[in-house]
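Engineer: Going down the list, the protein sequences come from chains A and B. Throughout, the working numbering is defined as the position within the first sequence, counted from one, plus 2. Throughout, the working numbering is defined as the position within the second sequence, counted from one, plus 1.
Simulated from the structure, these hints should not be mistaken for laboratory data. A hint or two may mislead.
Straight line, CA to CA, 35 Å or less: simulated DSBU-like cross-link-like pairs of lysine-lysine [what the hints assert, rightly or not]:
1. B:Lys6 / A:Lys534
2. A:Lys9 / B:Lys74
3. B:Lys71 / A:Lys19
4. B:Lys120 / A:Lys17
5. A:Lys9 / B:Lys83
6. B:Lys23 / A:Lys5
7. A:Lys19 / B:Lys23
8. A:Lys5 / B:Lys74
9. B:Lys6 / A:Lys9
10. A:Lys5 / B:Lys135
11. A:Lys17 / B:Lys23
12. B:Lys218 / A:Lys5
13. A:Lys279 / A:Lys649
14. A:Lys19 / B:Lys6
15. B:Lys74 / A:Lys585
16. B:Lys135 / A:Lys9
17. A:Lys733 / B:Lys135
18. A:Lys19 / B:Lys135
19. A:Lys318 / B:Lys136
20. B:Lys218 / A:Lys9
21. A:Lys205 / A:Lys121
22. B:Lys135 / A:Lys17
23. B:Lys71 / A:Lys318
24. A:Lys534 / B:Lys74
25. A:Lys5 / B:Lys6
26. A:Lys17 / B:Lys6
27. A:Lys227 / A:Lys279
28. A:Lys318 / B:Lys23
29. B:Lys135 / A:Lys172
30. A:Lys19 / B:Lys179
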Amino acid sequence: MWKNYFKISLRNLRKRKLYTAINLLGLTIALVSFIAISLYIHHEWNYDRMVTDFDRIYKINQEFVSNGESELVGSSPALLPVTLREEFTEVDKATLVFDWSIFSSVMIDAGQGNQEESKFAFVDEYFYDVFDFEMIAGNRETVLSEPNQIVLTESTANRLFGSAINAEGKSLKVDGKDYLVTGVMQDFPSNSHMEFDFLASFKTHPDSRGPQWSPSNYYNYVKMKPGADMSQFKSNMDQMVDKYLGSDMDEYGFHTAFFTQPLTSIHLGDPTLNSIKPGTEIKYLYVFGVVAILLIAIGMINYVNLATAEATERNKEVGLRKIMGAGRMQLFGQFVSESMLLSFAAILLSILLLYLSAIPFENFVGAPLNLELLFSPLGMVGLLGLGLVVGLLAGFYPSMILSQMQPLKALGNKLKIGGGAWVRKSLVVFQFFVSMGLLISTFVVKNQLEFMQEVNLGYEKEQVVALNYHHNMREAIPTLRDEMVRSGAAISISRAADMPHHVKAGYKIFSGGDNTREFMITGYAADPDLIKTINLELLEGQNYSESDPARRSLEDENAQMPILLNESAITEMGWTAKEAIGKRVNIGFTNNALVKGVVKDFYFNSLHQKVGPMVIFNDPDEANILLIKLSAGNPTANLATIGEVWKKLVPDRPFNPKFLDQEYANLYQSEQNVSLIFSLFSGIAVFIALMGLFGLVSYVALRRTREISIRKVLGATQRDVLLVLSMDFVKLLGISAILAIGFGIWFSGSWLEAFANRTVLTIWPFATAILMVMVLAILTIGYRSWKVFRLNPATTLKSE
Amino acid sequence: MIQLKNLDKFIESRFQRVFILKGINLTINEGEFITLMGPSGAGKSTLLNILGLLDEDYEGEYSFGDRSLKSMKERERSGLHKSEFGYIFQAYHLIDELTVYENIETPLLYRNVPSSERKSIIANLMDRFNMVAKKDLFPAQLSGGQQQLVGIARAVAGRPRVLLADEPTGNLHSGQAKEIMEIFQELHREGTTIIQATHARENADFGTRLINMLDGKIERDEAI
Numbered sequence: 003m004w005k006n007y008f009k010i011s012l013r014n015l016r017k018r019k020l021y022t023a024i025n026l027l028g029l030t031i032a033l034v035s036f037i038a039i040s041l042y043i044h045h046e047w048n049y050d051r052m053v054t055d056f057d058r059i060y061k062i063n064q065e066f067v068s069n070g071e072s073e074l075v076g077s078s079p080a081l082l083p084v085t086l087r088e089e090f091t092e093v094d095k096a097t098l099v100f101d102w103s104i105f106s107s108v109m110i111d112a113g114q115g116n117q118e119e120s121k122f123a124f125v126d127e128y129f130y131d132v133f134d135f136e137m138i139a140g141n142r143e144t145v146l147s148e149p150n151q152i153v154l155t156e157s158t159a160n161r162l163f164g165s166a167i168n169a170e171g172k173s174l175k176v177d178g179k180d181y182l183v184t185g186v187m188q189d190f191p192s193n194s195h196m197e198f199d200f201l202a203s204f205k206t207h208p209d210s211r212g213p214q215w216s217p218s219n220y221y222n223y224v225k226m227k228p229g230a231d232m233s234q235f236k237s238n239m240d241q242m243v244d245k246y247l248g249s250d251m252d253e254y255g256f257h258t259a260f261f262t263q264p265l266t267s268i269h270l271g272d273p274t275l276n277s278i279k280p281g282t283e284i285k286y287l288y289v290f291g292v293v294a295i296l297l298i299a300i301g302m303i304n305y306v307n308l309a310t311a312e313a314t315e316r317n318k319e320v321g322l323r324k325i326m327g328a329g330r331m332q333l334f335g336q337f338v339s340e341s342m343l344l345s346f347a348a349i350l351l352s353i354l355l356l357y358l359s360a361i362p363f364e365n366f367v368g369a370p371l372n373l374e375l376l377f378s379p380l381g382m383v384g385l386l387g388l389g390l391v392v393g394l395l396a397g398f399y400p401s402m403i404l405s406q407m408q409p410l411k412a413l414g415n416k417l418k419i420g421g422g423a424w425v426r427k428s429l430v431v432f433q434f435f436v437s438m439g440l441l442i443s444t445f446v447v448k449n450q451l452e453f454m455q456e457v458n459l460g461y462e463k464e465q466v467v468a469l470n471y472h473h474n475m476r477e478a479i480p481t482l483r484d485e486m487v488r489s490g491a492a493i494s495i496s497r498a499a500d501m502p503h504h505v506k507a508g509y510k511i512f513s514g515g516d517n518t519r520e521f522m523i524t525g526y527a528a529d530p531d532l533i534k535t536i537n538l539e540l541l542e543g544q545n546y547s548e549s550d551p552a553r554r555s556l557e558d559e560n561a562q563m564p565i566l567l568n569e570s571a572i573t574e575m576g577w578t579a580k581e582a583i584g585k586r587v588n589i590g591f592t593n594n595a596l597v598k599g600v601v602k603d604f605y606f607n608s609l610h611q612k613v614g615p616m617v618i619f620n621d622p623d624e625a626n627i628l629l630i631k632l633s634a635g636n637p638t639a640n641l642a643t644i645g646e647v648w649k650k651l652v653p654d655r656p657f658n659p660k661f662l663d664q665e666y667a668n669l670y671q672s673e674q675n676v677s678l679i680f681s682l683f684s685g686i687a688v689f690i691a692l693m694g695l696f697g698l699v700s701y702v703a704l705r706r707t708r709e710i711s712i713r714k715v716l717g718a719t720q721r722d723v724l725l726v727l728s729m730d731f732v733k734l735l736g737i738s739a740i741l742a743i744g745f746g747i748w749f750s751g752s753w754l755e756a757f758a759n760r761t762v763l764t765i766w767p768f769a770t771a772i773l774m775v776m777v778l779a780i781l782t783i784g785y786r787s788w789k790v791f792r793l794n795p796a797t798t799l800k801s802e
Numbered sequence: 002m003i004q005l006k007n008l009d010k011f012i013e014s015r016f017q018r019v020f021i022l023k024g025i026n027l028t029i030n031e032g033e034f035i036t037l038m039g040p041s042g043a044g045k046s047t048l049l050n051i052l053g054l055l056d057e058d059y060e061g062e063y064s065f066g067d068r069s070l071k072s073m074k075e076r077e078r079s080g081l082h083k084s085e086f087g088y089i090f091q092a093y094h095l096i097d098e099l100t101v102y103e104n105i106e107t108p109l110l111y112r113n114v115p116s117s118e119r120k121s122i123i124a125n126l127m128d129r130f131n132m133v134a135k136k137d138l139f140p141a142q143l144s145g146g147q148q149q150l151v152g153i154a155r156a157v158a159g160r161p162r163v164l165l166a167d168e169p170t171g172n173l174h175s176g177q178a179k180e181i182m183e184i185f186q187e188l189h190r191e192g193t194t195i196i197q198a199t200h201a202r203e204n205a206d207f208g209t210r211l212i213n214m215l216d217g218k219i220e221r222d223e224a225i
């Protein structure tokens, strides 16, 4: 029976080549997207689940409360894991990871000279007790138990020493210090939240000697004993805080607490908690999941629409089969087997396509596409299920319609499928609603991205490069500056705590001096050249100068020190720019800060946040970054000149200039990814929907060939024919457009909410998206109507 | 075997009922070969469709054997339809996508006949109708007479007790028509009850009973 069904299905599919092609292509493209998104979601969802007993492992985060403001950080102090190990019976193991890259990169010399490396961490000797990554060489019990030991990952060992076996027992220099390679471990999997090339023993680092309850610079993890009571553990930690930090908290007027975060929720958890790797926002996973399902739906709708449209053509066959004794279920089975055949063919094709497109896709999305997963038992079951669900869902409605036909009417060809048309129209509306909605969303996202790139930030990021600065370069700075400027490649050079779009250091303004308000303020430590280098606008007063005292040189907390405030800060204090000059304020480290100038507000953070109060003060020793404004002209040549000066004067420091505008763009990496993925998927949605439209119009054109020929004989022009054929569809698209506008307004409202600084919503994203789809649809219909119009009425009318 | 009592079939139009069949009383015994004759619109096809359970929209009584159709459940009726009736059409109505072999096989599939038995039934029929060489051809590759032979083979494959034929020779020239009629006669001799509707008087000579219809009524009913 089934063999017979499939044979007939195959012949039917072959006979209706156009419909089959449209259905197959549409479904395949939808399935490729669906499977790729599923694999991506699977990858993200299974973060850190490769670690044995992952469900017993937790990261310990810390909360600070002061002045009623609570701050959560993803790191905690070095003494914490020691205390947990010694005093907590419910804790099985505890380990510390000190991610060095948050401070600086390191220079590694494995015999071929200094190379800059950034994925470097210090971990204690308990690391492998908690994270049982596989060792390729070395004994995991002892590899990190002594100072100056280091473990490389496999690919790092291959890169530096040719092979893992070769690497073991070799020595290498880290920032000039000798380390012994005691082991080689597997690479961290792509879906581990850890990402290091080098793990050095924490005992090497001075912080390991006499660990303290401050600072909280370390990622600490515990592995609990099976069945441990986590709420009991939390209250035990609270008691520990009271015991060891109680007096400090009383003295300094703050409160702190530790809390656990399951290992598996680090990647998808609270994005504000710092971690080794940036996480993925879980809401985007949901959005992608929904988009994947919508794409499949659009592909299936093509099938439903074409199959029901075609149903009238198959009346005779259905009628005959009924007369010969076919039951409804038997006919249903036959038609469903047709859609099943198509759905499984599409799955096979999409697997093939995925293999072909894996590499571009991986580059595009920035996550690995683990296609081998498709052939695991889970993947096979998933694909089988997907094929069955898609086949059944797509085939259900057309099969129902077809198997319901009354045989006599069917045979007599008297049947018009009225109900089908209504459903078909709604489905077309839905398809184009989704396509237009996705396209509008894409344009909204793009608009905001463009806005963020082009908005006047209040400083100049073009032609500015940033280089890592280390305080041991202090002596070289004056010469470096002079040489660079004299070379003609640079205009100005400034030492600063961070890049201007990423200033985070929190300070507090206390009441005192001429000011009575208390509030939090962001502090930007930089030398006097900052103003010139990034072209900040001084509204009033003057810049501080080299000769003014710097923070490090202050004698005591009463020492006078000039500062600059931004507009938000003086507004907070209730002053105008003019009034502010010469006022004295208390900024914590000195109560005698003299307001020397007022700068115009500039965006020193992501545009997700509003510009808050800021103080700029002279503290070159706090600097981590050297900002260099290049001269006008070819930046590559200028960079080369600067590089030469650099290598001459500070040969042991890495020269890896980063352009400020690119770094700024990277702030919106996640939005950019969303925008890219949205463009891709909305394009796919539009394409599949248009293919379906083409099929439907072809069908309508075929049915109305006679009518059109008569109209032509009566003198209709091609435009009239286009109008006749497109009117119905244009009405449907109009309904889609109205729905899509509603969706677009909702979407832009909720998506743009995340940005404190956002573009004004204009009509353009809506107009562009809808117009684009409309034009493409009319072109599609136009092509079809042109083909019908060209037919010679004499032949078409005769054959009827 | 079949008994119709006071059977009406009508269409409600806006102002009046239009009767297609009116007051039909008819008894058909097993083994008869009946010819329905009459002009177009006399109600021959409608009567055939009602007899063949293809049309259930009528008033009056239809009994098959000793049971009234109205008293049967849907499932019983479709069982009866499957096991007792075979159909032959003027326009052959073969399924274009299926080969000769598969067309004949289709009713057997719907009757869940096992594969080996199917093969032997079809082999016998092909042999009988001299179509062995054509078994893998599609209907479009056959002449009209050949297509109708396939239609008959398909109709009798399920071994129905009643064969219903609506203008079986209407699209054929006289030579082919005679051949079809001879096959009918042979089937009749083997015990099959045959009811055919036709315009051609000469076809009636092959049968045992001639019913003349006019305007939805039986005008004359005579044995031949």
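Engineer: Evaluate each hint against the coordinates.
Structural biologist: How the hints compare with the structure:
1. B:Lys6 / A:Lys534: Distance of about 109 Å is beyond 35 Å: violated.
2. A:Lys9 / B:Lys74: Satisfied, since the Cα-Cα distance of roughly 33 Å is no more than 35 Å.
3. B:Lys71 / A:Lys19: Answer violated: B:Lys71 to A:Lys19 is near 46 Å, above 35 Å.
4. B:Lys120 / A:Lys17: Holds, because 27 Å separates the two Cα atoms, which is no more than 35 Å.
5. A:Lys9 / B:Lys83: Holds, at about 23 Å.
6. B:Lys23 / A:Lys5: The given pair, whose Cα atoms are some 46 Å apart, is violated under the 35 Å limit.
7. A:Lys19 / B:Lys23: Status violated; Cα separation ~49 Å.
8. A:Lys5 / B:Lys74: Cα-Cα ~31 Å, so holds.
9. B:Lys6 / A:Lys9: violated, 45 Å
10. A:Lys5 / B:Lys135: holds, 22 Å
11. A:Lys17 / B:Lys23: Status violated; Cα separation ~45 Å.
12. B:Lys218 / A:Lys5: Answer violated: B:Lys218 to A:Lys5 is near 47 Å, above 35 Å.
13. A:Lys279 / A:Lys649: The hint holds at about 31 Å.
14. A:Lys19 / B:Lys6: violated, 52 Å
15. B:Lys74 / A:Lys585: The hint is violated at about 100 Å.
16. B:Lys135 / A:Lys9: Judged against 35 Å, a Cα distance of about 19 Å means the pair holds.
17. A:Lys733 / B:Lys135: violated, 52 Å
18. A:Lys19 / B:Lys135: With a Cα-Cα distance of about 27 Å, the restraint between A:Lys19 and B:Lys135 holds, given a limit of 35 Å.
19. A:Lys318 / B:Lys136: Holds: A:Lys318 and B:Lys136 sit about 22 Å apart, inside 35 Å.
20. B:Lys218 / A:Lys9: violated, 46 Å
21. A:Lys205 / A:Lys121: Given pair A:Lys205, A:Lys121 holds - Cα atoms ~18 Å apart, limit 35 Å.
22. B:Lys135 / A:Lys17: Roughly 21 Å between the alpha carbons, so the hint for B:Lys135 and A:Lys17 holds.
23. B:Lys71 / A:Lys318: holds, 28 Å
24. A:Lys534 / B:Lys74: violated, 95 Å
25. A:Lys5 / B:Lys6: violated, 45 Å
26. A:Lys17 / B:Lys6: violated, 47 Å
27. A:Lys227 / A:Lys279: holds, 27 Å
28. A:Lys318 / B:Lys23: Measuring from Cα to Cα gives roughly 29 Å; hence the hint holds.
29. B:Lys135 / A:Lys172: violated, 82 Å
30. A:Lys19 / B:Lys179: With a Cα-Cα distance of about 41 Å, the restraint between A:Lys19 and B:Lys179 is violated, given a limit of 35 Å.
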